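There are 2 protein chains.
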Amino acid sequence: MDLLTDEEIAAALASLPGWKRTGDVITRSVELADFRAAMLFTGAVAYLAEDANHHPDIAIAWNRVTLTLSTHSAGGLTAADIALAGRIDALG
Amino acid sequence: MDLLTDEEIAAALASLPGWKRTGDVITRSVELADFRAAMLFTGAVAYLAEDANHHPDIAIAWNRVTLTLSTHSAGGLTAADIALAGRIDALG
Chain A
1 MDLLTDEEIA
11 AALASLPGWK
21 RTGDVITRSV
31 ELADFRAAML
41 FTGAVAYLAE
51 DANHHPDIAI
61 AWNRVTLTLS
71 THSAGGLTAA
81 DIALAGRIDA
91 LG
Chain B
1 MDLLTDEEIA
11 AALASLPGWK
21 RTGDVITRSV
31 ELADFRAAML
41 FTGAVAYLAE
51 DANHHPDIAI
61 AWNRVTLTLS
71 THSAGGLTAA
81 DIALAGRIDA
91 LG
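Chains as they are written, first to last, in this note's numbering: chain A, 1 to 92; chain B, 1 to 92.
So that you can see chain A by itself, here it is in the shape it has in the complex:
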């Protein structure tokens, strides 16, 4: 899978307002009601990740879930990261 250019990444993130780029990764931090809600959200993300065969790093700190996406095999950001970010945002 091809790496996206800086311009392609910036254009994609314009439609993904919760996500921020830091170098070769994009991250989104979501605050839920409590730990249980954070785990349920994580379960939904995990389902989408398995479906896409593309897995974010996931950090859970009580009611906060931080997701980090990158395509390690490509060494940076690809269309797979943007696609999964979009599906995660569609969870609401």
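Accuracy of the hints is not assured; some may be wrong.
[Unchecked claim] To list a few chain B residues with every Cβ distance to chain A over 12 Å, as calculated:
(1) Ala-11
(2) Asp-24
(3) Arg-28
[Said to hold, decoys possible] With the Cβ distance kept under 7 Å, some of the chain B side facing chain A (calculated, not the full set):
(4) Phe-35
(5) Met-39
(6) Asp-57
(7) Ala-59
(8) Ile-60
(9) Trp-62
Simulated from the structure, these hints should not be mistaken for lab results. Please read these numbers as outputs of a predicted model, since none were measured by experiment. Glycine is no exception: its CB is placed at the ideal position from the N, C-alpha and C atoms.
Use these hints to put chain B onto chain A, whose structure you have.
What follows is chain B alone, placed relative to chain A:
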């Protein structure tokens, strides 16, 4: 809840070989078969955390789950951390 002394923490960790202390926290990193197995392990940890009303920070990176325990309200390590670490280890 009272903070444990350095000696009490060292004594407790002698029975919890997977856990390492770094300052005010203890951590354990577990490698599972794959992402699905990591999520199932995380679910079991989450159940124990809710049962104990004490929640580790959880970081999932594909097949690796890293747990970090501390008692934020006490500003360091307490018996609650040691007890939950023991219950997590009892998962096998």
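(message) Checking each numbered hint in turn, tell me which of them this model violates, lowest number first.
(response) none
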